[in-house]
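Could you put together the complete structure from these sequences and hints?
2 protein chains.
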Amino acid sequence: MSKKKDRSGWESPATEALRITSTGPIATFDASSTPGFTGDKALGEKLLLERGEVLADLQELLYANGRAGDHRSVLLVLQGMDTAGKGGIVRHVGGLVDPQGLAITGFGKPTKEELAHDFLWRVHRALPAGGRIGIFDRSHYEDVLPVRVHNLVPQAEWEKRYHIINEFERELVANGTTIIKCAMVVSKSEQKARLTERLERPDKYWKYNPGDIDERGYWDAYLEAYQAIFDRCDSDSAPWYLIPADKKWFARLAVCELLIDALQRLDLDWPAADFDVEVEKKRVAALDV
Amino acid sequence: MSKKKDRSGWESPATEALRITSTGPIATFDASSTPGFTGDKALGEKLLLERGEVLADLQELLYANGRAGDHRSVLLVLQGMDTAGKGGIVRHVGGLVDPQGLAITGFGKPTKEELAHDFLWRVHRALPAGGRIGIFDRSHYEDVLPVRVHNLVPQAEWEKRYHIINEFERELVANGTTIIKCAMVVSKSEQKARLTERLERPDKYWKYNPGDIDERGYWDAYLEAYQAIFDRCDSDSAPWYLIPADKKWFARLAVCELLIDALQRLDLDWPAADFDVEVEKKRVAALDV
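Those protein sequences? They're chains A and B, same order as listed. Those letters in the first sequence? Residues 1 to 289, by this note's numbering. Those letters in the second sequence? Residues 1001 to 1289, by this note's numbering.
Source of the hints: derived by calculation from the structure; they are not laboratory data. Note that beta-carbon positions come from the ideal geometry of N, C-alpha and C, so glycine has one too.
Lysine to aspartate or glutamate pairs mimicking DMTMM-like chemistry, simulated, CA-CA at most 25 Å apart:
| # | chain 1 | residue 1 | chain 2 | residue 2 |
| --- | --- | --- | --- | --- |
| 1 | A | K204 | B | E1050 |
| 2 | A | K281 | B | D1212 |
| 3 | B | K1204 | A | D70 |
| 4 | A | K207 | B | D1288 |
| 5 | B | K1204 | A | D57 |
| 6 | B | K1204 | A | D288 |
| 7 | A | K207 | B | E1053 |
| 8 | A | K160 | A | E215 |
| 9 | A | K204 | B | D1098 |
| 10 | A | K248 | B | D1057 |
| 11 | A | K109 | B | D1276 |
| 12 | B | K1192 | A | D288 |
| 13 | A | K248 | B | D1098 |
| 14 | B | K1192 | B | D1214 |
| 15 | A | K207 | B | D1267 |
| 16 | B | K1109 | A | D70 |
| 17 | B | K1112 | B | D1082 |
| 18 | B | K1207 | A | D98 |
| 19 | B | K1248 | B | E1215 |
These stretches of chain A come out as covered by chain B in the derived footprint (C-beta under 8 Å, 3 or more residues):
| # | region |
| --- | --- |
| 20 | 84-95 |
| 21 | 99-108 |
| 22 | 186-199 |
| 23 | 259-273 |
| 24 | 276-282 |
Printed below as a string of structure tokens:
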């Protein structure tokens, strides 16, 4: 892992420090840690504001290229235990850029229509168009996470899905989509604190789901199911990152950095004019008023 | 028009001052004016920040209710001459709220598939779900604006559309959608300045469309077509507002105020728990860790 100081607070880039190949297994991962980052909350929040502007500029560049016909896109896949803060990432990191350039999709329990198709059907339909940043709040990985934990389909079927997902993502990447996969990890104690808070404040009731406590009973089975997607569906072109989520400020900063890195690697420039600039300048200069 | 000072800078609410019934005809409307608002740019920008937080809170309330099954939604329809700044409204007003709660759709030149359906087909598909704020960047009104100006369909056909649109919007309102329709008005001189700027900066080329100059040649026909939608498709339940757009800061503040008003009129409260709070508190308290 590189130790070069790429900016204040970071001793190694988020893309390295948070990559599943660096963090080690999820079962022993510290959800309150800040891998690669030595700064505190105050610095983290200050950085998020600054880096948010960098992200917004890069997003506009991507959008402009999309409008000019570039088919490349970015897809941020968010998975995580209940209360890990996926929604907060959408709001606070997605909220840093022009909402016009976002394509946000939440994947809940499949509808009847969705169940009547193969598990990737609804995912295909939600893929970002060229120039967009897609955000999946849950994703096709649901089909090997709760589905595996609860054996919602026979093992023989979910076993096949890892390979199908890899093929699917390989095709996406080949077609110009940069994929960033983030698993947000909350500790059991922090989850309990968040559930408690949701029950104490009537303005948080709507976020509380009694089913979350039932799911918590399968904690270890989930860790195993998560580890399986890291072991079987992580690659340099569709990498998995572990986002420690006990500190919300860090999770947001980390995902912002991963997006910035993805956009910078596209090495975009403003699209060339598809018209004769000098001719148009004369036309505009000749306008009345 | 009420003269009550509802907050600093405003001498009458945006909903009154900008309503087409107050502003008078578009042909004599001053695109650099700030109807109802006596403050300057500095105050306007300060207010937008403050009011943006109010808007964000209300949007979260709407979203929470949507999650709890409330089917009500808000639909912001943006129309306007080229360069009037529709995209800027999406970015800077839409950007004030959680992007997860937005459903943004841009309506361009209809595709082959869209043309094979009636003109409202693509609009129906883009309507916001309950709990969402929909933003239409252009809309079904395109079918009586450029379509009318250029007679893209026979007059007998576009003439019928005003009535069809009114019926459509009446049905939307009856089903719980609050509709806000904004026509952004830029002056000819400001349009020329914006077109000039787009040609001077390579980072703006992508926003320049030579066709905009051709369209400008139909300025008066557009004013007439706009006036027709105000005369025929304005009602208390689906009102039209004229947004003067020469001052971007004012256009943003104005649209923010219109959204706040729409959300406040829904008179929302946090949704009640659909579970037994005391029972759940005990379950959570009993969790390990």
